[in-house]
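Read top to bottom, the protein sequences are chains G and W.
Heads up: the first sequence at position 254 corresponds to 254 in full-length UniProt numbering, and the numbers run straight through without jumps.
Heads up: the second sequence at position 414 corresponds to 414 in full-length UniProt numbering, and the numbers run straight through without jumps.
Worth double-checking, as some hints may not be accurate.
Because identical chains cannot be distinguished in the list, a pair is counted as satisfied if it fits within a single copy or across any two copies.
[Claimed, not checked] Taking lysine-lysine and the BS3-like style, the derived pairs with C-alpha atoms no more than 25 Å apart in a straight line are: (1) K463 to K490; (2) K84 to K228; (3) K292 to K415; (4) K135 to K294; (5) K292 to K132; (6) K294 to K132; (7) K292 to K135; (8) K490 to K464; (9) K274 to K14; (10) K14 to K135.
Hints in this document: simulated from the structure, not taken from any laboratory.
There are 2 protein chains.
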Amino acid sequence: MVLENINSPEDVKKLSLEELNLLSGEMREALLHRLSNHGGHFGPNFGMVEATIALHYVFNSPEDKIVFDVSHQSYPHKMLTGRKEAYLDPEKYDDVSGYSEPSESAHDHFVIGHTSTSVSLAGGLAKGRDLKGEKGNVIAVIGDGSLSGGEAFEGLDYAGELDTNFIIVVNDNQMSIAENHGGLYRNLQELRESQGTCPCNFFKAMGLDYLYVDQGNDIGSLISAFQKVKDIDHPVVVHINTLKGKGYRPAEEHKEPWHYCAPFDIATGEPKHKSDDGEDYGTLTADYLLAKMKEDRRVVGITAGTPTIMGFTEDRRLAAGRQFVDVGIAEEHAVALASGIAKAGGKPVFGVCSSFIQRAYDQLSQDLCINNNPATLLVFWGSLSTMNDVTHLCFFDIPLISNIPNMVYLAPTCKEEYFAMLEWSLRQDSHPVAIRVPALGLTHADREIATDYSELNRYEMVKKGTKVALLALGSFFPLGESVAHILKEKVGIEATLVNPRYITGTDDTLLDTLKTDHALVATLEDGIQDGGFGEKIARYYGTSPMKVLNFGARKEFVDRFDVAAFLRDNHLTAEQITEDILAQL
Amino acid sequence: MVLENINSPEDVKKLSLEELNLLSGEMREALLHRLSNHGGHFGPNFGMVEATIALHYVFNSPEDKIVFDVSHQSYPHKMLTGRKEAYLDPEKYDDVSGYSEPSESAHDHFVIGHTSTSVSLAGGLAKGRDLKGEKGNVIAVIGDGSLSGGEAFEGLDYAGELDTNFIIVVNDNQMSIAENHGGLYRNLQELRESQGTCPCNFFKAMGLDYLYVDQGNDIGSLISAFQKVKDIDHPVVVHINTLKGKGYRPAEEHKEPWHYCAPFDIATGEPKHKSDDGEDYGTLTADYLLAKMKEDRRVVGITAGTPTIMGFTEDRRLAAGRQFVDVGIAEEHAVALASGIAKAGGKPVFGVCSSFIQRAYDQLSQDLCINNNPATLLVFWGSLSTMNDVTHLCFFDIPLISNIPNMVYLAPTCKEEYFAMLEWSLRQDSHPVAIRVPALGLTHADREIATDYSELNRYEMVKKGTKVALLALGSFFPLGESVAHILKEKVGIEATLVNPRYITGTDDTLLDTLKTDHALVATLEDGIQDGGFGEKIARYYGTSPMKVLNFGARKEFVDRFDVAAFLRDNHLTAEQITEDILAQL
Chain G
1 MVLENINSPE
11 DVKKLSLEEL
21 NLLSGEMREA
31 LLHRLSNHGG
41 HFGPNFGMVE
51 ATIALHYVFN
61 SPEDKIVFDV
71 SHQSYPHKML
81 TGRKEAYLDP
91 EKYDDVSGYS
101 EPSESAHDHF
111 VIGHTSTSVS
121 LAGGLAKGRD
131 LKGEKGNVIA
141 VIGDGSLSGG
151 EAFEGLDYAG
161 ELDTNFIIVV
171 NDNQMSIAEN
181 HGGLYRNLQE
191 LRESQGTCPC
201 NFFKAMGLDY
211 LYVDQGNDIG
221 SLISAFQKVK
231 DIDHPVVVHI
241 NTLKGKGYRP
251 AEEHKEPWHY
261 CAPFDIATGE
271 PKHKSDDGED
281 YGTLTADYLL
291 AKMKEDRRVV
301 GITAGTPTIM
311 GFTEDRRLAA
321 GRQFVDVGIA
331 EEHAVALASG
341 IAKAGGKPVF
351 GVCSSFIQRA
361 YDQLSQDLCI
371 NNNPATLLVF
381 WGSLSTMNDV
391 THLCFFDIPL
401 ISNIPNMVYL
411 APTCKEEYFA
421 MLEWSLRQDS
431 HPVAIRVPAL
441 GLTHADREIA
451 TDYSELNRYE
461 MVKKGTKVAL
471 LALGSFFPLG
481 ESVAHILKEK
491 VGIEATLVNP
501 RYITGTDDTL
511 LDTLKTDHAL
521 VATLEDGIQD
531 GGFGEKIARY
541 YGTSPMKVLN
551 FGARKEFVDR
561 FDVAAFLRDN
571 HLTAEQITED
581 ILAQL
Chain W
1 MVLENINSPE
11 DVKKLSLEEL
21 NLLSGEMREA
31 LLHRLSNHGG
41 HFGPNFGMVE
51 ATIALHYVFN
61 SPEDKIVFDV
71 SHQSYPHKML
81 TGRKEAYLDP
91 EKYDDVSGYS
101 EPSESAHDHF
111 VIGHTSTSVS
121 LAGGLAKGRD
131 LKGEKGNVIA
141 VIGDGSLSGG
151 EAFEGLDYAG
161 ELDTNFIIVV
171 NDNQMSIAEN
181 HGGLYRNLQE
191 LRESQGTCPC
201 NFFKAMGLDY
211 LYVDQGNDIG
221 SLISAFQKVK
231 DIDHPVVVHI
241 NTLKGKGYRP
251 AEEHKEPWHY
261 CAPFDIATGE
271 PKHKSDDGED
281 YGTLTADYLL
291 AKMKEDRRVV
301 GITAGTPTIM
311 GFTEDRRLAA
321 GRQFVDVGIA
331 EEHAVALASG
341 IAKAGGKPVF
351 GVCSSFIQRA
361 YDQLSQDLCI
371 NNNPATLLVF
381 WGSLSTMNDV
391 THLCFFDIPL
401 ISNIPNMVYL
411 APTCKEEYFA
421 MLEWSLRQDS
431 HPVAIRVPAL
441 GLTHADREIA
451 TDYSELNRYE
461 MVKKGTKVAL
471 LALGSFFPLG
481 ESVAHILKEK
491 VGIEATLVNP
501 RYITGTDDTL
511 LDTLKTDHAL
521 VATLEDGIQD
531 GGFGEKIARY
541 YGTSPMKVLN
551 FGARKEFVDR
561 FDVAAFLRDN
571 HLTAEQITED
581 ILAQL
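Excised from the complex, chain G in its bound form (with noise of 0.2 Å):
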């Protein structure tokens, strides 16, 4: 086995071509078990195989830099570079992170895991060596969608400018997470049939030299070309033109199921463990959306590059047509374009992960909020409990939104209380709304539902008591039923307990009405406690005798963290904080 003896790139250069093959064979063998087993991301890591390969045999990493974009494909680098245990020994899979991680190597120069990034962070080391006055190739690999991210061409806007070495590795392979889109694709499509050959040339009109590999996973090709880039004294792109899931026949023949697996049966390619084909919030906005959009041809769904966040997979993507829009991974585009819908009298709904949005903090704010248009954003998985890589994180989306003039920002408790408020969003033209669609699996109702939120912060008081007031927002309202279970259970109490449904402001009267008969007030978020809802009831109770307890997350960057232990580490079980809340009685 080749493979057992790389420990280092060192080990890569001193391999023949015949051996190097081999080794390719056996880097997917080793990438199928691991991903069969463990899941994580396929047909990135399988496409970019041989050209991780030739990028080591060619170039002397770390000396040379090499910075993978988004990283998900970082897995054959990552067994290339004294971490092939992790992909190789199933006892040692969770030793390393799904993405380039300075901490496991030197030979990963940053945490990587939003698309987009990979030439601006690269210019940067770039600029770094130059003015240190250091030598060595910085190697930028980018593809894989994320080209169409704004940051990544004003990063190739800036490398165009360069007089010194920096290459840029386009890794093309024909999609994004879903297909591609973009008028820029149909460029790389044109540089594809003529070798690369056609005038009109998107790189060499941002100022960059370039050279084109139709064989993007041979790996003679990639060497032959690497060395003629290598030590150049400007900036290049390489347009390498790959197969996404090369190797294994489901992942080549169905791209986008395969971006990212599940553990699976390799003969078969089906999941080992079935779904529960329950009914997801993710189904039910697609489903709700595609039958709005019969009645109501003004509605359109928008996503960027991740459709199926909200439903969208690709037959009801068939069946809404022209009513519904993915932008590529464009989330600044996203979220202008809907605001411009919008104006123009349409109903767009932009479905979108709680770590993507915070790519639109500007549009939101300039776009939208200023202009007051009412579009409608589903921000989906905001919750500490969804998912754990620390370049994904979901819960910082209350503080980037809810203090957003303008903006109203809803959390909804239930599938009930959801849809009746994205019913009344698409209804209204008063206000951007924001829904932080429930990410701690279906719940219902057992109790009405309002159907008109037009009236703004007004919290919904769900039982009165006294004593202990919960304020349990959206996801964690069931925490608060817990809660106030416990309190009685324990203690007696009968805590009020209230929805407060609307994340951007305070129910004054509300909030004045518990002061005659309340002692403390406890805010429950599913979120970071700073900037976030909690500390607007803090403020509110500033001077008055009222004990406010926020409860929600610590301010920290946390990495592959257990959730139950994350929870308990913030005191954020129910038994965690009725012992909090009785402390202070």
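Put chain W on the given structure of chain G with help from the hints.
Then chain W, alone, in the frame of chain G:
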């Protein structure tokens, strides 16, 4: 006078070419008068007079919808759409804003002030039109440096896939605010030099049809071009070559200083009101950094198209050489670049105004703070009292920046403290550091200033008193001093005065100490309350008997406000703050 009879675009259409040319002269004359008396954006408007006339001659606004990027070039548009009096009658100068404004006219579709948004917003108008089955042209007017922002690229990429009417006028005046930067601008030059015929064409590479107009200040040429693309059934770029500042020699010759002007003498071009030539934080910063650069080649200044905000006038840019980088209007790239440079051992300092740092939240979080690289960010003009156009408000940076983990956001109170903090930031390599540069004029310390800020979240006890503690942040420190003074004069209270220094955390020890002999803590911050510094203090004291009053502005968008009235309305004068405090004792 032709202009006197122009009450709507209909009146433009009735004119002969000769009259249109007369009109352009009269418009320039009116602009010159207004700007020389009132100040405003000069170069962008002088360059766009003819194109605006031609747009309104050919298209039927407001059925045909024109969206101006940044919209600081929309003065001629306003003159032709029923608002000419605001340019002719000095009494009415303030009837219009400096940007497009739907509340003024049906010919304006969005409030716009940040760059690079027009293509996306107009794309939304086109999509809304098509969803509703309506007709009409949609035209985005972009240029003057705006193309380099990522959002513009995302919009162009989207546009490249459309199969519907969509017209993008690229106003190529070869400038941004300062000179243009980025590889793309070389392609624009090639296009100009080849009369639009060179085969490598950025816009065509994005999938867009293309038309070049060499004489972009010639009404006849422009009318002919716009007539060609009117009612087109696919997306097209009309690339017009214009002269920024055309018609006023000083502005043609010195484009950067004439981008925006204060009132000036028409004969000489000299400003009417001499600035006091005193020290300002921009100039002091540039001079400090220039000295640092000489000592240490790793120090590099970065701007995103607004170099003079941090004092880097043309001469200072020349002096800095390769140690100063203007990335063009591309804040996302600027932040990621700074992170990369810091990772490589450089000492990057990115200077940016508060309103524009909003454009890079995800880069601050992902590229910089998750990676914890020691870059320095200087946030200028962060205050309620600086820019007062609704699109340029500078009071959201505290909630934006201070709730990101790992970031150290510092609030110096005076010149000496600012430079001590900057010095420390350049010296340390443990944290990304942002400094909120004081914005209310130069003040000096009459106390010793710390030189080391590495022990985080240690507030400075400036004066120990009893009963009332004032936590007066950054620019509002002098306000805290005034309140303390009044409290003593009026009721004999010796208030405690604290300089928090760190916006990003609480000094628990100091806050606990206050509990022993204080009844009330007041926080003073020069920004909005929501998500800000004061709320963290309110949360901290949530279960203590300590009363907390947070002073700051309400969360709202305000436009062209009178600063003094705005501060009063938010209870932010020293007298009001004192009263509010006394009412609680």
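Against the structure shown, which of the earlier numbered hints fail to hold, in ascending order?
Violated hints (numbers, rising): 2 and 9; every other hint is consistent with the structure.
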